[in-house]
Amino acid sequence: MEWTAIVMQLFTGLSLGMLYVLLALGLSIIFGLLTVVNFAHGAMYMWGAYAGVATVAITGNFWLALLVAPLVVGGYGLLVERTLIRPLYGRDINYPLLLTFGLQFIMIEIIRIFWGTSDYPFQAPEALSMPLEIFGIFYFPAYRVFVIGLTVVICFVLWFFLERTNLGLIIKAGTRDSLMVKALGIDMGRIWWLVFGIGSALAGIAGVLAAPIRSVFPEMGLAMLVECFVVVVVGGMGSLKGAILSGIIMGEAIAITTLFYPQMADIVIFLVMAVVLLIRPSGLFGRAGLLE
Amino acid sequence: MLLTLENINTYYGLSHILQGVSLEVDSREIVTLVGRNGAGKTTTLKSILGIAPISSGRIRFQDTDISALPTHSIIQKGIAYVPEDRRIIPGLTVRENLKLALMKSKNRDREEEMIDRVAQYFPILKDRLKQEGTSLSGGEQQMLAIARALVTDPEIMLIDEPTEGLMPLLVETIAEIIQTIHSNGVTVLLVEQNMEMALSISHRAYVIDEGRIQTSGDARAILNDEEIACKYLAV
Ligand SMILES: Nc1ncnc2c1ncn2[C@@H]1O[C@H](COP(=O)(O)OP(=O)(O)OP(=O)(O)O)[C@@H](O)[C@H]1O
Ligand SMILES: [Mg+2]
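Chains as they are written, first to last, in my numbering: chain A, 41 to 332; chain B, 321 to 555.
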């Protein structure tokens, strides 16, 4: 096998890994602060893709879709937290889990009603549709390079937000001892609301970014949700560093397996999970504090 | 009165913990709440702060009813809390712990100045602002917990067992710190197991047992009353 094919496949793995990273970051930040396991996260990803489809259908502008998807899904997340999840705080953590589990099927059904059950084609924008020469050795779809670049930027913005702003400090503190943060005069309810919105927006942007790479259909979030839970568990529940590293590892694992032993591609991440959890039961960064 | 509790009742689930507690703290007083383990001292403080919400009764602070307010709003009114187990937030530096307390206080725009000012009170903290808060020793963490309450320049501080687990020398230091804080105009509601220390620096005291105020009065008189000591405070 040509070695450039392997390097190319590594790039493909990286771009897939970036989708995992975006989704796992959203899941993780929500779990870390709110201890809510958001089972609607996959459906939010799917809604992000459809928000993209709708925006492009109306305006023909992909860049606008990239903006609209996280806004729509983030706004929806804010609404869900305020109306459905907030009444469940202070009860067993299974309540929000069951609620969001049910919610995802409602969200899927809504899409089936309005868009039908078949796939929607979604083209990458003109400007990103040609292959890009990488290191002068091989060609790689420009769109995937864009996905990688944008995810890196989003990770950096998130890092800056958490590490360098007052709000970030509150979130960091809130993941460790939210009661004490309240007892320092801070309205944690608003912070929980905001973070649920941010996590949802991340799912939305992952959805629209995934649309040109993977097909758009109502159940597209189901498998993705399971995969993202694997990513989060391997990274360590609530750890953002872990989500990033684990997302990339899983993307690469799938890409490389696809190249050498495609029959295994669908289950390789579960193998990786088994191995990692055998060695480190709480995941790669599970021992470190949440959101570190 | 600065702070008034009128006949408050607090439950944890079905257990009726505070059974009609009434208590008053006047401006510029040091008032101590004493009582044995499980008497309801911490619950009283948590009820004032809305952490353990009351089911009936009334709590007033500076003539406003705060009974139904959420915790963060109560704190923002000028009540600062030094919890029993210190609750220094892990993963944050000493400075960040202080900064967090300042964020919603009236001193939010004077961060440097306020941190400098509390560093005067607690020279040990001054050199450790960049160190992780939970890496401090027990005594230092207690200082930080008090400092964190003090940076906001509160009207009243609710301090829960500040000397728990500290060696005698540090107990004295804490007592002096509380007196200094008080002489700078801050009212203090103190909960203590160390009766000697607490009652010797307080003006008045309340004795709580089984969720009820059993008696109250001049701190020194309570300290010297053997019958009270026998009945409500002996382990
Ligand atoms: N979260 C809780 N859930 C149920 N019961 C509780 C809870 N916290 C305290 N209690 C009970 O309420 C009663 C009063 O507790 P509280 O913490 O107020 O006592 P305390 O006077 O502060 O005691 P100590 O000196 O040991 O700190 C105790 O019987 C305790 O078991
Ligand atoms: Mg107590």
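Hint data in this document are derived by calculation from the structure and do not stem from the laboratory. Be careful, since some hints might not be right.
Which residues of chain A face chain B? A partial, calculated answer using Cβ under 8 Å [unchecked claim]: (1) Ile-210; (2) Ala-213; (3) Met-220; (4) Ala-223; (5) Ile-226.
Restricting the straight-line Cα-Cα distance to at most 25 Å, the calculated cross-link-like pairs of lysine to any residue (SDA-like) are [claimed, not checked]: (6) B:Lys-397 x B:Asn-357; (7) B:Lys-424 x A:Lys-281; (8) B:Lys-397 x B:His-502; (9) B:Lys-424 x A:Arg-126; (10) B:Lys-424 x B:His-392; (11) B:Lys-397 x A:Asp-227; (12) B:Lys-426 x A:Asp-217; (13) B:Lys-446 x A:Arg-204; (14) B:Lys-426 x A:Leu-219; (15) B:Lys-426 x B:Leu-489; (16) A:Lys-281 x B:Pro-410; (17) B:Lys-450 x B:Asp-436; (18) B:Lys-397 x B:Asn-329; (19) B:Lys-424 x A:Val-193; (20) B:Lys-426 x A:Phe-201; (21) B:Lys-397 x A:Asp-217; (22) B:Lys-446 x B:Gln-461; (23) B:Lys-426 x B:Gln-396; (24) A:Lys-281 x A:Phe-186; (25) B:Lys-450 x A:Phe-196; (26) B:Lys-426 x A:Leu-209; (27) B:Lys-450 x A:Leu-219; (28) B:Lys-424 x A:Phe-200; (29) B:Lys-397 x A:Ile-231; (30) B:Lys-450 x B:Arg-437; (31) A:Lys-281 x A:Val-193; (32) B:Lys-424 x B:Gly-411; (33) B:Lys-397 x B:Tyr-441.
Virtual Cβ for every residue (Gly too), placed ideally from N, Cα, C.
> Given the hinted pair B:Lys-450 and B:Asp-436, is their alpha-carbon gap at most 25 Å?
Replying inline: holds (14 Å)
>> Against the 25 Å threshold, does the CA-CA distance of B:Lys-446 and A:Arg-204 hold or violate the hint?
In response: Holds - the C-alpha atoms of A:Arg-204 and B:Lys-446 are around 22 Å apart, at most 25 Å.
> Is A:Lys-281 within 25 Å of A:Phe-186, Cα to Cα?
Replying inline: holds (22 Å)
> Would the pair B:Lys-424 and B:Gly-411 pass a check requiring their Cα atoms to be no farther apart than 25 Å?
Replying inline: Given that 25 Å is the threshold and the Cα spacing comes to 20 Å, the pair holds.
> Taken at face value, is the distance from the CA of A:Phe-200 to the CA of B:Lys-424 at most 25 Å?
Replying inline: holds (21 Å)
>> Run the distance test for B:Lys-426 versus B:Gln-396: straight-line Cα separation, threshold 25 Å.
In response: The hint holds at about 8 Å.
>> Between the alpha carbons of B:Lys-426 and A:Leu-219, is the straight-line distance 25 Å or under?
In response: holds (21 Å)
>> What's the verdict on B:Lys-424 and A:Lys-281, does the C-alpha distance respect the 25 Å limit or exceed it?
In response: Outside the cut-off at roughly 29 Å; violated.
> Given the proposed pairing of B:Lys-450 with B:Arg-437, does the C-alpha separation stay at or below 25 Å?
Replying inline: holds (17 Å)
> Are B:Lys-424 and B:His-392 close enough, with their CA atoms no more than 25 Å apart?
Replying inline: holds (9 Å)
>> Using the nearest Cβ pair, does A:Ala-213 come within less than 8 Å of chain B?
In response: holds (5 Å)
>> Holds or violated: B:Lys-424 and A:Val-193, Cα atoms, limit 25 Å.
In response: violated (31 Å)
Going through the hint list in order, the structure does not satisfy hints 6, 7, 15 and 19.
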